[in-house]
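Position chain P against the provided structure of chain B, taking the given hints into account.
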Amino acid sequence: MLEVKNLIVFYENALALNDLSLSVQPGEVVGVFGSNSAGKTTLLNTIAGLTWHLKHRELRKGGQRITIAGEIKFAGEEISAVKPAERVKKGIVLCRERHPVFRDNSVEENLRLGGYMRKGSEIKVMMEFVYELFPPLARLKRKKAGMLSGGEQEMVAIGMALVARPKLLLMDEPLLGLSPAMQKEVVRAVREIRKQGVTILLAEQYARPVIPVIDRGYVIENGTLVVSGTGAELLDNPEVRAAYFGIEESR
Amino acid sequence: MAKMAYRKERVDRGIKARTDDIFALSSFREILYLVLPRLLVILFLLPLPLFLGTYWQKVMLITLVIALLALSWDLLASVGLVSLGQALFFGVGGYLAGFLSTRWGWYPLFTIPAATLAGAVFCTLLLYPALRLRGIYFGLITFALPLLFMRVIEATKILGGTEGLSSLPPLPGTTIELYILLVVALGCVFGFRRMFDTDYGLVLKALRDNDRSVEAGGINVQWYKAQAVFLAALPATFAGAFLTHHYQFVGMPAFALDYSILPLTSVVLGGAGSFAGAVLGACILVPLSEVLRAFGTLRVVIYSVVLVIFVVGLPEGIFHYLQRKYHQFERLVPMEEVSNGARAGFKGY
Numbered sequence: 001m002l003e004v005k006n007l008i009v010f011y012e013n014a015l016a017l018n019d020l021s022l023s024v025q026p027g028e029v030v031g032v033f034g035s036n037s038a039g040k041t042t043l044l045n046t047i048a049g050l051t052w053h054l055k056h057r058e059l060r061k062g063g064q065r066i067t068i069a070g071e072i073k074f075a076g077e078e079i080s081a082v083k084p085a086e087r088v089k090k091g092i093v094l095c096r097e098r099h100p101v102f103r104d105n106s107v108e109e110n111l112r113l114g115g116y117m118r119k120g121s122e123i124k125v126m127m128e129f130v131y132e133l134f135p136p137l138a139r140l141k142r143k144k145a146g147m148l149s150g151g152e153q154e155m156v157a158i159g160m161a162l163v164a165r166p167k168l169l170l171m172d173e174p175l176l177g178l179s180p181a182m183q184k185e186v187v188r189a190v191r192e193i194r195k196q197g198v199t200i201l202l203a204e205q206y207a208r209p210v211i212p213v214i215d216r217g218y219v220i221e222n223g224t225l226v227v228s229g230t231g232a233e234l235l236d237n238p239e240v241r242a243a244y245f246g247i248e249e250s251r
Numbered sequence: 001m002a003k004m005a006y007r008k009e010r011v012d013r014g015i016k017a018r019t020d021d022i023f024a025l026s027s028f029r030e031i032l033y034l035v036l037p038r039l040l041v042i043l044f045l046l047p048l049p050l051f052l053g054t055y056w057q058k059v060m061l062i063t064l065v066i067a068l069l070a071l072s073w074d075l076l077a078s079v080g081l082v083s084l085g086q087a088l089f090f091g092v093g094g095y096l097a098g099f100l101s102t103r104w105g106w107y108p109l110f111t112i113p114a115a116t117l118a119g120a121v122f123c124t125l126l127l128y129p130a131l132r133l134r135g136i137y138f139g140l141i142t143f144a145l146p147l148l149f150m151r152v153i154e155a156t157k158i159l160g161g162t163e164g165l166s167s168l169p170p171l172p173g174t175t176i177e178l179y180i181l182l183v184v185a186l187g188c189v190f191g192f193r194r195m196f197d198t199d200y201g202l203v204l205k206a207l208r209d210n211d212r213s214v215e216a217g218g219i220n221v222q223w224y225k226a227q228a229v230f231l232a233a234l235p236a237t238f239a240g241a242f243l244t245h246h247y248q249f250v251g252m253p254a255f256a257l258d259y260s261i262l263p264l265t266s267v268v269l270g271g272a273g274s275f276a277g278a279v280l281g282a283c284i285l286v287p288l289s290e291v292l293r294a295f296g297t298l299r300v301v302i303y304s305v306v307l308v309i310f311v312v313g314l315p316e317g318i319f320h321y322l323q324r325k326y327h328q329f330e331r332l333v334p335m336e337e338v339s340n341g342a343r344a345g346f347k348g349y
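Protein chains in written order, with our numbering: chain B, 1 to 251; chain P, 1 to 349.
Hints may be right or wrong, so weigh each one.
[Said to hold, decoys possible] For each label pair, taking beta carbons as the anchor points, the in silico distance ranges come out as:
| id | chain 1 | residue 1 | chain 2 | residue 2 | range |
| --- | --- | --- | --- | --- | --- |
| 1 | P | Thr175 | B | Glu58 | 44 to 52 Å |
| 2 | B | Gly63 | P | Ser213 | 17 to 25 Å |
| 3 | P | Ala144 | B | Lys167 | 49 to 57 Å |
| 4 | B | Glu71 | P | Val301 | 46 to 54 Å |
| 5 | P | Asp209 | B | Pro209 | 54 to 62 Å |
| 6 | B | Gly63 | P | Tyr200 | 52 to 60 Å |
| 7 | B | Phe129 | P | Arg13 | 52 to 60 Å |
[What the hints assert, rightly or not] In silico BS3-like links for lysine-lysine, alpha-carbon gap of 30 Å or less:
| id | chain 1 | residue 1 | chain 2 | residue 2 |
| --- | --- | --- | --- | --- |
| 8 | B | Lys55 | B | Lys90 |
| 9 | B | Lys73 | B | Lys141 |
| 10 | B | Lys90 | B | Lys141 |
| 11 | B | Lys119 | B | Lys61 |
| 12 | B | Lys89 | B | Lys61 |
| 13 | B | Lys73 | B | Lys90 |
| 14 | B | Lys167 | B | Lys195 |
| 15 | P | Lys8 | B | Lys5 |
| 16 | B | Lys55 | P | Lys58 |
| 17 | B | Lys141 | B | Lys124 |
| 18 | P | Lys157 | B | Lys73 |
| 19 | B | Lys83 | P | Lys8 |
| 20 | P | Lys205 | B | Lys55 |
| 21 | B | Lys73 | B | Lys167 |
| 22 | B | Lys141 | B | Lys195 |
| 23 | B | Lys61 | P | Lys205 |
| 24 | B | Lys83 | B | Lys184 |
| 25 | P | Lys325 | B | Lys55 |
| 26 | B | Lys141 | B | Lys167 |
| 27 | B | Lys61 | P | Lys16 |
| 28 | P | Lys325 | B | Lys61 |
| 29 | B | Lys61 | P | Lys157 |
| 30 | P | Lys16 | B | Lys55 |
Hints are computed from structural coordinates only; laboratory data are not their basis.
Bear in mind that the values here come from a model prediction, so they are computed numbers and not experimental data.
Glycine is no exception: its CB is placed at the ideal position from the N, C-alpha and C atoms.
Chain B extracted, bound-state conformation (with noise of 0.2 Å):
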């Protein structure tokens, strides 16, 4: 579904990705774990074209310098050149790291807003799965976004990349400083959403709440490729357990 191949993400002079290649395949949920640091988000943000995105505005006013290269294929169709709101139309929907929801907008607004290249029948289709997966949402509709939780923030977040219908969700950091039973809360909601069919990559730097439900996994440091395998492989590793897993070796 996804592919991608010897991606090079350059901020000026630094290297944020490393000749980075990754694949997805229909249906699964992947997952890219790394420190702060690794490139996890500009990975996501490249595939989902933000950092085109950046790199031209950049250009425009002189700024930094960004430089990407490699090839992205998705549903085998080279996408590195097709601006990001092209992209989403075909299927890649971002869910971006803090949950950056409209404050001022009443939640139920958020979501409409999340799927605006959606036919409005399919919003309401979508709308109700949304409050179905997360039901404190039905009760918040009425509320600003900006009222919310740090949580609630987050269901109204991944609400608004599910209703625009993505094919590929992308997920950086869902459970960023959320609380565990909160964090259980985003894992089961990921199940649910693999259920509907829709293939997730999913970027997280504390793995073991999502170990369960990933297929596979791809570690990443630096920008580079460091391991890749199933749950249970990058389980098995001992270096990634120290680091990623929090599992001390016990001796």
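Then chain P, alone, in the frame of chain B:
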């Protein structure tokens, strides 16, 4: 990778990296690298008044006045206060100078400094309640205030009403005036730039970035912003007081929109946040507008087109562009070759 791919790399010149350090003082070449751009500007501007005719001397005078207002705008913008009413400072300074010399018959030597200081204090007090506003809301207040003063003077007929205050004592002559203005303008540019390199400037810069974090750092935001407004008002009130004595007249046009808009466009053209850019912008815009007088009615059209071309084509501002070219060069490097900073894992983003 299959085919050889290149990317453009921006690298600091070696001499730039060396002059960032104390080693700058160890060689003549490095000292020259630091001093030359500044020296060239000073050496170009200082003898200029002597070579100009009467007409172009007046143009240079207006240029420097606008440059002072632009400096003031840039300082305010560097603290995160976007002003749309530099005419407020200008008019207050002008009217104070006029008032002091008509009421008490003071000489310009006293009225100008007194009007500069008192005007800055007055403006700071006036804007103090508006300092808690951010972004466009502060801009709207500053936009309204000069218009308000204009109407108050018109309605109450104080300070000469619509007639203004005339036959004020003159200044000693255009050449000397130009030199005074030059010294003040250059002093402001270098002074402000220096100030922003100190710890005090650090607070001011932080105010623009995120004033809530500054407040969380235990710093009184309102008080620091007031200080910045005072500092920013100084060159502008000085310009007002100075031009009042130059024309020997001050009237309602001192609060005119021109004095608000021109400084702003100068900074946008020259590059915000560097102070040198503000002066550079004024030095391009005001003479340009004079040169274009030959085109009659088309003047405004050409002027606007030039402005649009620069703002769209060079949004960072001319000064920042020149500065970058001076400090950095670009080269093509193969994709595989990673610069040292990247290899060390520095993401820089």
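Hints, verified against the model:
1. Checked against the given bound of 44 to 52 Å, the beta carbons of threonine 175 of chain P and glutamate 58 of chain B, roughly 46 Å apart, stay inside it.
2. Between glycine 63 of chain B and serine 213 of chain P, the C-beta spacing of about 23 Å keeps the proposed range 17 to 25 Å intact.
3. Look at alanine 144 of chain P against lysine 167 of chain B: about 53 Å separates their beta carbons, and that is inside 49 to 57 Å.
4. Our hint of 46 to 54 Å for glutamate 71 of chain B and valine 301 of chain P holds, since their Cβ atoms are close to 48 Å apart.
5. In this structure the supplied range 54 to 62 Å is violated for aspartate 209 of chain P paired with proline 209 of chain B, their Cβ-Cβ distance being about 34 Å.
6. For glycine 63 of chain B and tyrosine 200 of chain P, the Cβ-Cβ distance of about 27 Å falls outside the hinted range of 52 to 60 Å, so the restraint is violated.
7. Look at phenylalanine 129 of chain B against arginine 13 of chain P: about 58 Å separates their beta carbons, and that is inside 52 to 60 Å.
8. Distance hint between lysine 55 of chain B and lysine 90 of chain B is fulfilled; the C-alpha atoms sit about 21 Å from each other, no more than 30 Å.
9. For the hint pairing lysine 73 of chain B with lysine 141 of chain B, the CA-to-CA distance comes to about 37 Å; that exceeds 30 Å, so the pair is violated.
10. A distance of roughly 28 Å separates the Cα atoms of lysine 90 of chain B and lysine 141 of chain B; the hinted pair therefore holds under the 30 Å criterion.
11. Among the hinted pairs, lysine 119 of chain B with lysine 61 of chain B is inconsistent with the structure: their alpha-carbon atoms are about 36 Å apart, more than 30 Å.
12. Distance hint between lysine 89 of chain B and lysine 61 of chain B is fulfilled; the C-alpha atoms sit about 28 Å from each other, no more than 30 Å.
13. For the hint linking lysine 73 of chain B to lysine 90 of chain B, the alpha-carbon distance of about 12 Å falls within 30 Å, and the restraint holds.
14. Between the alpha carbons of lysine 167 of chain B and lysine 195 of chain B the distance comes to roughly 12 Å, so the proposed pair stays at or under 30 Å and holds.
15. With a C-alpha separation of about 21 Å, the suggested pairing of lysine 8 of chain P with lysine 5 of chain B holds against the 30 Å cut-off.
16. Between lysine 55 of chain B and lysine 58 of chain P, the direct Cα distance comes to roughly 45 Å. Violation of the 30 Å bound is thereby established for this hinted pair.
17. Between the alpha carbons of lysine 141 of chain B and lysine 124 of chain B the distance comes to roughly 14 Å, so the proposed pair stays at or under 30 Å and holds.
18. This hinted pair does not check out: lysine 157 of chain P and lysine 73 of chain B have alpha carbons roughly 74 Å apart, beyond 30 Å.
19. With a C-alpha separation of about 23 Å, the suggested pair lysine 83 of chain B and lysine 8 of chain P falls inside the 30 Å cut-off, and the hint holds.
20. Taking the CA atoms of lysine 205 of chain P and lysine 55 of chain B, the gap is near 26 Å; set against the 30 Å cutoff, the hint holds.
21. Using a Cα cut-off of 30 Å, the hinted pair lysine 73 of chain B and lysine 167 of chain B holds, with the two alpha carbons roughly 14 Å apart.
22. The straight-line distance between the Cα atoms of lysine 141 of chain B and lysine 195 of chain B is roughly 25 Å, inside the 30 Å bound, and the hint therefore holds.
23. The straight-line distance between the Cα atoms of lysine 61 of chain B and lysine 205 of chain P is roughly 21 Å, inside the 30 Å bound, and the hint therefore holds.
24. Annotation: proposed proximity of lysine 83 of chain B to lysine 184 of chain B is violated, straight-line Cα distance about 34 Å (limit 30 Å).
25. For the hint linking lysine 325 of chain P to lysine 55 of chain B, the alpha-carbon distance of about 20 Å falls within 30 Å, and the restraint holds.
26. For the suggested pair lysine 141 of chain B and lysine 167 of chain B, the alpha carbons sit about 25 Å apart, so the restraint of at most 30 Å is met.
27. The suggested pairing of lysine 61 of chain B with lysine 16 of chain P holds, with an alpha-carbon distance near 23 Å, which does not exceed 30 Å.
28. At most 30 Å may separate the alpha-carbon atoms for a hinted pair to count; lysine 325 of chain P and lysine 61 of chain B meet this at roughly 15 Å.
29. Our distance criterion of 30 Å between C-alpha atoms is broken by lysine 61 of chain B and lysine 157 of chain P, whose separation comes to about 48 Å.
30. Taking the CA atoms of lysine 16 of chain P and lysine 55 of chain B, the gap is near 26 Å; set against the 30 Å cutoff, the hint holds.
The structure shown violates the earlier hints numbered 5, 6, 9, 11, 16, 18, 24 and 29.
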